[in-house]
Amino acid sequence: MENQYFTSDELNVKNRAFLLGDAVKVSFFIRNSKLIMDEECYFFLMASMRKMRMNIPLTYTLEFFQTLFQKEVIEGKNSKNAIINFQVFRNSDELTLAKSSISYFYEVDEKDDILTIHQRLLELDLIKEINVNNNLLSNIRVHCPENIYGGIYAQENDLDDVILLNPNKRIARSTSGNLLFLEGNIIKVPKHSEGAYISPLLENFVTFLHKNNLADIQEHEIIAFESQKAEEILMISDEKGIFSVGKIRNKTFGNSRFTELVEKWKESF
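In our numbering, the protein residues as written are 765 to 1033.
Just so you know, the hints here were simulated from the structure itself, not pulled from any lab data.
There may be inaccurate statements among the hints.
Said to hold, decoys possible - Below, in silico cross-link-like pairs of lysine-lysine (DSBU-like), each with a Cα-Cα straight-line distance of 35 Å or less:
no. : residue 1 : residue 2
1   : Lys815    : Lys1015
2   : Lys835    : Lys892
3   : Lys815    : Lys875
4   : Lys892    : Lys798
5   : Lys955    : Lys863
What the hints assert, rightly or not - Simulated restraints on C-beta separations:
no. : residue 1 : residue 2 : range
6   : Thr880    : Asp773    : 27 to 37 Å
7   : Val777    : Arg1013   : 39 to 49 Å
8   : Thr825    : Lys993    : 13 to 23 Å
9   : Asn897    : Asn819    : 18 to 28 Å
10  : Gly915    : Arg1013   : 10 to 20 Å
All C-beta atoms in this analysis are idealised placements derived from N, C-alpha and C, irrespective of residue type, glycine included.
Using the sequences and the hints, build the whole thing.
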């Protein structure tokens, strides 16, 4: 099914998102015809806009987004399970950029169930000729040429994705999302300060596991070699969904434990 697109007003090529990548993106989630994690996603959007020094309209309340998606997506398009990739970009209509108005564009990607691990196991590899930064703006979803380069590298090498390192040669994330490494009862997650994305989807998952004592969640500085030590690896992408990693180079990984944990998480909704 082709994705549906929505805009706040008519798009033209003279916008700063197209010309300069002056935009931020956050995902919202529909499951069983209801918005889930909407507060977490909304506050992440507000934080991302503040970091990019955007002029946040007074109308941008949680209720505004709840009403917008309920009317246009759930009722208007009869979407039952979907990821809404919402992008806000700055216009050039004031003397200073900080006071310029903003517009939005969003895409609705229909899914079977956003909280179900995709059946196909991913094959990843590390890429070392580029790295991603680990500063204030590295944690939000903004224009990132490293993601584009990494995506092309993956296609050319018959991979599903690549693992991106930070300038200290430690694991940051993949081009699509964050990585979780399971060893025994410990789940290691790269710190935000390492270049990992802030992810409402991941944070909801690990919070559930922690509250229910299902795993020991540890934020870590993870060297590249540790990817080979994990028993299972999960990739959580706010933009694309949840995936098990089946292979990195010559090492293969299981997915039974993470599948069990995700199933328990789904039952909490």
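ask   = Checked against the structure, which of the hints given earlier come out wrong?
value = Per hint list: 1, 2, 4, 8 violated.
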